[in-house]
Amino acid sequence: MSLAYLLLLAFPAAMILAALSDLFTMTIPNRISLVLFALFLVIAPIAGLSLEETLMHLAAGFAVLVLGIILFATGTFGGGDAKLMAAGALWLGIGQIVPYFAYITILGGVLAVAILLYRRIPEMLFPPLVPVWATRLRQRDCGIPYGIAISAATLIAFPATKLYALILA
1 MSLAYLLLLA FPAAMILAAL SDLFTMTIPN RISLVLFALF LVIAPIAGLS LEETLMHLAA
61 GFAVLVLGII LFATGTFGGG DAKLMAAGAL WLGIGQIVPY FAYITILGGV LAVAILLYRR
121 IPEMLFPPLV PVWATRLRQR DCGIPYGIAI SAATLIAFPA TKLYALILA
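If you count the sequence shown from 1, position 65 lands on 65 in full-length UniProt numbering, and the numbers rise without skipping.
FYI, nobody ran anything at the bench for these hints, they're computed from the structure. Note that CB positions come from ideal geometry on N, CA and C, so glycine has one too. Please note: incorrect hints may appear among the correct ones.
[As the list claims (entries may be wrong)] Pairwise CB distance ranges, derived in the manner of DEER restraints: (1) V98 / A134: 28 to 38 Å; (2) G95 / R136: 13 to 23 Å; (3) P127 / L166: 44 to 54 Å; (4) P99 / L41: 38 to 48 Å.
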């Protein structure tokens, strides 16, 4: 198995870890976004992405990071969500930004509706030993673990990228 394949496996693993961390703790550790950034910098030249294409991926990540910072500053997004969304954009590149945002919007909406419905289930229907994270999600003042939608959107959009095609070539 080539190094590119091993690095490719680390990418979805990090995204899944981010989603699970957000679900269980409502936080996405900075180290996950940093690992995704570092993995991209290693895999891009190994896969054969040109310098110009790599710079375009970096520009996509930076632009989405700026957007994420604005969303964070307005209280719309958490800081971890903003950084994870930027890391996803880095891997996807400019060409997948519009589908990426569409997937995030759709999946985030489905996630929000599911959690709102979950919060309406009468408490008496739950077993006595519900995990802490599941109890927390029922609280109305608890946010939505949007990292789940961001991670899923990234993984859905990635197979349409040139980087993915280069790795599999």
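For each hint, the structure was consulted:
no. : hint                    : result
1   : V98 / A134: 28 to 38 Å  : holds (34 Å)
2   : G95 / R136: 13 to 23 Å  : violated (38 Å)
3   : P127 / L166: 44 to 54 Å : holds (48 Å)
4   : P99 / L41: 38 to 48 Å   : violated (23 Å)
Going down the numbered hints, you'll see the structure goes against 2 and 4, while the others check out.
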